[in-house]
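Protein sequence lines correspond, in order, to chains H and Y.
Counted the way my numbering counts, the first sequence spans residues 5 to 590.
Counted the way my numbering counts, the second sequence spans residues 5 to 590.
Keep in mind that a hint or two might mislead.
Which copy? The list can't say, so a pair holds if one copy fits it or any two copies do.
Said to hold, decoys possible - With a straight-line cut-off of 20 Å between C-alpha atoms, the simulated SDA-like cross-links for lysine to any residue are:
| no. | residue 1 | residue 2 |
| --- | --- | --- |
| 1 | K15 | G47 |
| 2 | K79 | E465 |
| 3 | K7 | S253 |
| 4 | K191 | K582 |
| 5 | K191 | D227 |
| 6 | K191 | Q558 |
| 7 | K191 | D584 |
| 8 | K130 | T176 |
| 9 | K264 | Y158 |
| 10 | K492 | S108 |
| 11 | K75 | K492 |
| 12 | K448 | T176 |
| 13 | K522 | Y72 |
| 14 | K445 | D584 |
| 15 | K492 | L64 |
| 16 | K448 | E508 |
| 17 | K492 | Y72 |
| 18 | K75 | V97 |
| 19 | K63 | N103 |
| 20 | K69 | I112 |
| 21 | K191 | Q575 |
| 22 | K577 | T176 |
| 23 | K153 | I219 |
It should be emphasised that the hints constitute simulated quantities derived from the structure, not laboratory data.
For reference, the chains in residue letters:
2 protein chains.
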Amino acid sequence: MKKYNNGDFRKSDVGSIFEVYGWVNKRRDMGGVIFVDLRDRSGILQVVFNRDYLKDDFKLAESLKNEYCIKVTGKLELRGKGLENPNLATGEVELIVQNLEILSECDILPFNVYEDSNINENVALKYRYLDLRRESIKEKILIRHKICKVARDYLNDLGFIEIETPILCKSTPEGARDYLVPSRINKGAFYALPQSPQIFKQLLMVAGFEKYYQIARSFRDEDLRSDRQPEFTQIDMEMSFATEEDVWSVTEGMIKKIVKEVKNISLPDFPRITYHEAMEKYGSDKPDTRFEMELLDLTEILRGTKMNVFNNAILNGGIIKCLIVKNNGDKYSRSDVEHLTDFVKIYGAKGLAWLKYDNDTFNGVIAKNLEDEKLELMKKTYNISNNDLILIVADAPKIVYASLGALRLKIGKELNLIDENKLNFLWITDFPFFEYSETEKRWKAEHNPFTMLKDINLINEPEKCIARSYDLVVNGYELASGGVRNYKRDDLAKVFKALGISDEEAEKRFGFVLEAFKYGVPPHAGIAPGLERLVMVLTNTQDIKDVIAFPKTQSASDLMSDAPSEVSPEQLKELGIKLDLEEEND
Amino acid sequence: MKKYNNGDFRKSDVGSIFEVYGWVNKRRDMGGVIFVDLRDRSGILQVVFNRDYLKDDFKLAESLKNEYCIKVTGKLELRGKGLENPNLATGEVELIVQNLEILSECDILPFNVYEDSNINENVALKYRYLDLRRESIKEKILIRHKICKVARDYLNDLGFIEIETPILCKSTPEGARDYLVPSRINKGAFYALPQSPQIFKQLLMVAGFEKYYQIARSFRDEDLRSDRQPEFTQIDMEMSFATEEDVWSVTEGMIKKIVKEVKNISLPDFPRITYHEAMEKYGSDKPDTRFEMELLDLTEILRGTKMNVFNNAILNGGIIKCLIVKNNGDKYSRSDVEHLTDFVKIYGAKGLAWLKYDNDTFNGVIAKNLEDEKLELMKKTYNISNNDLILIVADAPKIVYASLGALRLKIGKELNLIDENKLNFLWITDFPFFEYSETEKRWKAEHNPFTMLKDINLINEPEKCIARSYDLVVNGYELASGGVRNYKRDDLAKVFKALGISDEEAEKRFGFVLEAFKYGVPPHAGIAPGLERLVMVLTNTQDIKDVIAFPKTQSASDLMSDAPSEVSPEQLKELGIKLDLEEEND
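With these hints in hand, go ahead and build the complete structure from the sequences.
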């Protein structure tokens with residue numbers, strides 16, 4: 005087997021004979037001498053073929069093309085003076101080849117693997133095994149491995165036990181859409197692929213394993229976006245006799261260790277803010293805190309104004325908030341601001357009021373209509389100064405948060421306010437337990453109905469119920485979600501009642517879990533960081549496909565193997581199903 | 005969070021106050037004093053409730069029942085003289101309780117978890133979370149975790165990279181039955197759950213990852229036996245620039261390390277025998293070498309006998325082999341031997357001839373018919389002595405191997421010849437590449453058609469073709485299977501031709517792999533030890549369900565969650581399928 009890593013050769017190895025393997029990354033034919041960058045997983049070594057020296061083998065060397073897989077034996081030498089390559093770890097040495105063996109040739113490539121040029125994504129995915137040879141992709145897969153290794157080492161050291169839970173599970177009607185698997189033995193019945201190991205990990209707590217983890221594959225049959233894949237992986241954890249502080253401490257320790265080992269960055273402790281605070285400040289429960297520009301309140305300042313648009317909003321129970329774009333007012337023309345208005349309308353806002361402050365005066369349409377004392381109070385309260393742009397939304401709180409939260413991100417990106425080198429982790433806590441569904445006209449569980457409430461006695465005032473749940477957020481992304489679980493059957497019954505779930509329905513949906521909770525269930529809590537998201541953040545990519553060895557397209561296809569594909573009628577017959585396509589006769 | 009492991013308390017901890025958590029494993033009420041064995045994952049600690057001391061809390065203590073989950077605070081003390089429990093790691097100490105909190109109560113249990121009595125399997129599986137509390141099951145899950153940890157540490161140290169391959173794959177028509185997953189986005193098309201990551205790991209070699217592993221979930225929709233489950237796990241490996249010696253060395257090192265860390269046994273190097281030798285000696289390609297009693301050849305000795313049953317067998321191209329049951333002839337009465345005859349008939353043998361040697365004479369029907377010089381030669385060749393039983397099958401080689409191989413195991417078990425403490429690992433090498441299918445009247449690939457042949461020039465003489473494949477066998481079980489892969493397209497084309505696979509069919513079935521092999525494919529080889537089998541062997545269980553946290557029954561059902569189950573018509577409609585049950589109108 006291969007004994008050496010090409011990327012590891014150094015000056016100290018000079019003088020010895022080595023047998024090395026790899027791929028021709030590039031070749032330069034200088035007539036009697038051919039230089040080849042020989043690449044393996046570890047890196048590149050320059051190997052040199054010399055006509056005077058190699059005789060017959062030189063013809064073979066002349067036949068080499070990019071991505072030929074070869075084996076060479078030769079002596080490691082120092083490169084000539086001035087010929088060193090400081091960009092290469094092995095740049096001071098080269099291997100003078102004595103023997104060459106071509107292990108396998110390479111046809112004309114669909115794209116060059118040594119260049120990080122713009123490759124058509126569909127072509128890259130079809131030839132994923134070539135795409136994976138590219139340094140930028142390979143590196144991400146290696147980092148993914150390293151992250152898993154560090155996570156496992158860390159959790160093992162803390163006494164966590166990795167336990168595999170089933171992939172062939174029971175379909176549950178809530179949540180996202182399940183992938184189904186027809187059963188051949190129990191015809192007419194179906195397994196579902198798990199959206200998470202949630203129920204199993206809670207049952208492992210009932211079983212007494214106390215500290216569980218699993219780097220667990222999960223599945224969601226959703227319409228895909230650039231950060232979604234049909235299958236994804238979670239660093240799933242659950243612990244007994246634990247509170248949120250324990251979960252935070254374990255998780256934070258793990259993330260810090262991963263970031264230290266992968267990026268050599270020592271992270272500070274993660275700030276914690278409540279859901280309410282996050283919405284007030286950032287208009288989002290997954291705020292990007294790499295830049296300031298917080299949402300500022302104008303409700304009190306503008307209360308009682310004669311401007312109906314503001315006054316009516318307040319009278320209707322709404323709020324008024326603004327963003328102050330400091331010292332960048334000149335970057336936004338009147339028509340730019342009109343575009344921002346169109347943008348906030350996507351989020352339900354009826355409009356975007358704006359003010360500019362310049363030459364020590366407020367400008368803009370509403371500057372003329374707003375009372376001077378209001379403007380002055382605004383200026384004083386928020387230190388408004390020249391070249392500031394103030395963008396205001398007055399509406400129901402949800403709409404104000406959503407529109408200004410999105411606008412904040414948009415402007416942050418437009419003005420390059422975001423330091424891409426930062427890793428801003430933070431905990432969001434105290435989520436509302438219930439969410440009112442306008443369409444269904446009833447209260448629904450915001451997250452997991454099995455999460456514990458901060459105060460079960462408030463169960464009849466759903467709007468006041470806070471869940472003992474938490475999210476770990478990084479750079480504007482939700483990395484992990486978790487909670488302290490409600491393990492008390494009586495309290496669960498109250499929750500189900502508040503959610504309008506009948507005893508019968510509860511039994512059907514959660515029966516075996518409720519049954520399990522009869523037998524000495526320990527208090528427990530957990531979390532599940534998304535592995536892909538973590539790799540993406542640590543490798544600076546926005547595309548989840550970059551961090552999965554064999555990803556699927558947005559239409560959930562594998563272009564390389566052509567999955568999914570048609571199967572034989574016999575296979576379907578055996579499973580007791582048949583196709584039911586509306587466009588069958590097309 | 006829980007700070008202490010109940011099983012870890014020792015004399016040196018005496019005198020301090022501790023807060024401990026756990027389950028009431030057993031309680032003994034002695035009137036004013038109640039002793040509780042408080043169990044957690046780590047073990048048991050005796051906690052003592054004293055009426056004089058606890059006052060009101062004592063009533064609470066009196067209410068404790070088995071499997072209540074509690075939290076107690078108290079002082080660790082030495083047990084009284086003579087009251088130590090040498091069977092318990094914590095047997096010298098006990099916790100004198102100052103405070104008790106009942107975290108959750110326990111209903112009447114379907115079975116006692118502290119006793120390893122015979123529990124109805126279906127009940128155990130329905131309440132798997134309670135079953136997992138039993139020491140004997142819990143221990144196996146913990147050992148499974150440990151095995152995975154040791155394997156990962158070992159492979160990581162060797163530079164292997166763990167890479168996740170897809171679960172949603174393409175269905176391929178060969179091999180065992182696929183589990184299918186209907187696609188919602190591509191209606192009428194299906195994913196298949198992978199029977200192994202074989203194709204993906206080979207493509208990872210093409211991609212240049214060189215050393216890959218994955219503790220990988222695999223799926224086979226087969227009719228289940230006690231050692232099969234619909235989903236199972238393999239320690240899947242593949243390496244580039246590697247020969248069989250490299251694979252054997254890596255695998256053997258890993259298994260030795262696992263066995264050392266789990267059982268503190270230092271294994272010797274694994275013997276290697278060829279497939280041919282294994283069949284000749286043991287009648288099996290997965291021989292149990294924990295006992296001798298090899299198959300002995302009688303073909304040459306009996307050639308030319310006047311006994312037609314033997315002579316005809318030889319004339320028809322068959323062979324004659326026997327087992328000599330040493331010094332145990334008296335254990336098998338004539339009717340016992342008749343039962344053995346029935347047994348070998350299961351394996352296609354037409355009969356079982358037998359001889360007994362006793363009082364320095366051969367006895368039995370054939371002793372009268374066989375020539376004396378044949379009997380004498382037999383006796384001399386195989387050192388036959390008094391109280392030996394000789395069991396003979398004359399038939400086609402396949403039938404002789406199968407029947408005597410099975411008989412050898414049966415007698416080995418009956419006579420307790422097998423040392424259950426032994427771990428006999430061995431490599432079986434040089435498998436035949438082709439196997440003649442009597443039913444299809446054609447040559448088929450014995451294993452994987454992508455395995456390299458020892459000599460491709462023999463391709464037109466299929467019966468002579470040896471594969472560069474190998475199995476790792478332990479105690480009569482196939483633990484792992486692997487091979488050096490055929491990475492040369494020209495040679496693969498020859499193999500497909502010999503298998504009667506047209507270019508078109510090859511393209512359809514393996515097209516994207518053949519395409520990948522155009523682009524500088526490295527020589528590579530691999531193996532995939534079965535994790536469940538390894539855990540079973542190291543924990544001395546015959547039942548695969550014991551080593552899986554949430555196993556399925558023989559009818560592939562999860563009795564706990566009731567999977568598989570019916571799903572809604574809407575779910576099916578959305579997937580473009582409908583049920584097609586013959587007994588639909590029942």
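- request: Check each numbered hint from earlier against the structure, then list the numbers of those it violates in ascending order.
  value: Structure breaks hints 2 and 14.
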